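Peer 1: Just need the whole structure built from these sequences, with the hints factored in.
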Amino acid sequence: MTDVHTPRESASGETEATRPFGENETEPDVSGSGATAGWPRWAWRQLTSMRTALVLLFLLALGSVPGSVLPQQGSDPVAVQQYFASHPGLAPWLNRLGLFNVFAAPWFAAIYLLLFTSLVGCVVPRTLRLAGSARTPPPRAPRNLLRLPHSASYASALAPSAAVDAAAAVLGGQRFRLRRPGAGDATFWVSAEKGYLREVGNLLFHLALLGVLVSIAVGGLFGYKADKLLVEGQQFYNNTTALDEFHPGRLVSGSDLAPFRLTLNSFSASYFTTGESRGQPETFHAYVTYSPSLGAPARPYDLQVNHPLSVDSTKVYLIGHGYAPVFKVTNARGQVSYQQATPFIPANTGTMTSDGVVKAPDASLGFIGVFVPTGIMVGGTLESVFPAPDAPAVSLVGYSGNLGMNSGVPQSVFQLDTTGMTKISGSPHLLLPGQTWKLPGGRGSIAFTGYKQWVSLAITYDPGQVPALICGILALVGLLLSFLVRRRRIFVRAVPSGTGSVVTVGGLARTDASGGFEDEFASLAAELAVGGAAGGPASDSREPSNQSETGA
Amino acid sequence: MFKAKRRTVVSVAAVAAVLLAAALAVTLLTQGSGKADAGYVFYPESQRHIVPDFTATSLTGTPINFASYRGKVVVVNFWGSWCDPCRSEAPTLSVLSEQYRSRGVSFLGVDVSDTPVNALAFTRSVGITYPSVNDSGYSVTQDFSQVVPISGTPTTIVVDRTGHVAGYIYGGATYSALNTLLGDVAVTR
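Protein chains in written order, with the working numbering: chain C, 1 to 552; chain E, 1 to 189.
What the hints contain is simulated information worked out from the structure, not anything from laboratory work.
Misleading hints may appear alongside valid ones.
Covered by chain C, according to a simulated footprint, are these stretches of chain E (three or more residues, beta-carbon under 8 Å) [unchecked claim]:
| no. | region |
| --- | --- |
| 1 | 140–151 |
| 2 | 161–174 |
So these bits of chain C aren't anywhere near chain E, every CB distance computed over 12 Å [claimed, not checked]:
| no. | residue |
| --- | --- |
| 3 | S310 |
| 4 | A363 |
| 5 | G498 |
Since the structure is predicted, the reported quantities are computational estimates derived from the model, not experimental observations.
Positions of the beta carbon are idealized from the N, C-alpha and C atoms, including for glycine.
Peer 2: Structure (structure tokens):
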């Protein structure tokens, strides 16, 4: 946040003309108030101070460190279990502190909420002050304009009131905001101020900052993230049952999901075949059809990396792919017990060597497999040399017995619990597409009938994204305005002199960092002199001297 | 200065109190989202939603129209042969389906994200006699999720004689939970 106020300095004898720009009210004195009302106010002031916001920001960063160092329940529950097994003494304590679920831990949310409160409490009062300052009329003209950093004077043939009127007309024509003497004031002057766009910019910046905070909060409350693995030929509806992982915002329920349907017709990947980047992916295309709502006609879409599908402001991203070998398992009695494309997970994305398991609990058979898209035998080991499916093969290790799937405890579909099983002799067994492994002892068979490809999709809905972007741009615009536009004041006073008058002009600019006010003042003074008429050019124009820069 | 010292102590306490209150509020909010573990949800008649009609294919390939169940209480079980809690609740469902058959209660499985071959291998081995429809594309699940919150498998829904959702069991169905739910539905109609 920018600090929009210059510290108030004790004005050396000068009147309100040199009060800091945009401040007309005095800060309430809090030190003397009663103790009961003082403490909450003091605590609030501390919370909303810039220092506290920075400390909280630092704490937030510090607090997320264990989230990246320790395994997290949300993203990798299996790793958390492994951590418990390997650190039986430490893990329960870490768990009590919520370190396995940092981003949902109460202390983390407390930091986040306090930071939010701190920022809001900091920005809102500033916004109100800025709004007030943008509406404030210019101050009264000081008595002695020659004391101001920029000043000039000229003689005019007009009477003082007419001379000031003429000056006001010139300044008004240049879109200055004017202030004339009140009813009881017998002197002749006009105050003019310009550059309110600076305050507008400041206001815009602070409001946009609030907008960013609100947008992020809205996104967190009403948005969701989900993952879905989809094999070629399969379809799904965007509902919580179909999604593999579902991370809803606090105010999202299952019925809030946009009910689109998506089918993966085919997936194709191309790889560089020559040169240094041989085997590197070149393009990915997931050819899908989707229906935006129930009963709507299906539309085709070519889903690519960084080219997401947008349905009903929900975004579907292509984030991964892999192979799903198709297996057919028969039991000891010759009945087909398992037939499906089984997604294998790439263990090496360079060669797409993939691991997976086949679970046929109703044939009492299980297999741990490796799929290679372009396989060669290296010293008796199957290895993949290229990620494209040029010579696919699988190597299977078979197990027979109870898979432990009826106990009610959910297992991972990518892991086989072999504790109650025995390894089948002849493992590992190599299969090419179309080949069948007849298991020894009449236990049945497994056929590798082909393969399909799968894609993993990330489905995100973040209603705060677009507003956050717009607010971010507005904040930048506001910041630029507040930096580039400067607030400046021109004062004109006229006193009678003979038949005409002597007119003095004073000028004051704030933070003249980019320079140029000197020139602007000189040309304005000249213009006023001409406008004041008949008096000839400025008779006395002084450069800024070493006078007090109060309020500048 | 004594006053300043006291002021510091009080202020630190105030900030600590604010921090503590915020942490407490967040903890309460976090816990509030969890469901009380009653095992099942029963809707009074005035709060029941009608299930959209659908036609799906059974595991053996015959079309099943949901409207044909009108006039009967239907237990709709969302399951998959790959889903461990579904496998362990299946014998209970099988027993209850036999018990309630004579009382006009039908059972229908919705086999989610599965192949008919895998599903039939399971129903054969457990001895389930009631039919299931194949829902590999989640369309039946989508129909039901408009009227009852299905967050995954297994979920067991009881539909009353007029085709309205009378209640559901989230997670694995126990004998007592489904028996109680079916008793409630039978009494109210």
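Peer 1: Next step is simple, just say for each hint if it's right about the structure.
Peer 2: Evaluated hints:
no.	hint	in the structure
1	140–151	holds (count 7)
2	161–174	violated (count 1)
3	S310	holds (20 Å)
4	A363	violated (7 Å)
5	G498	holds (65 Å)
Hint violations for this structure: numbers 2, 4, all remaining hints satisfied.
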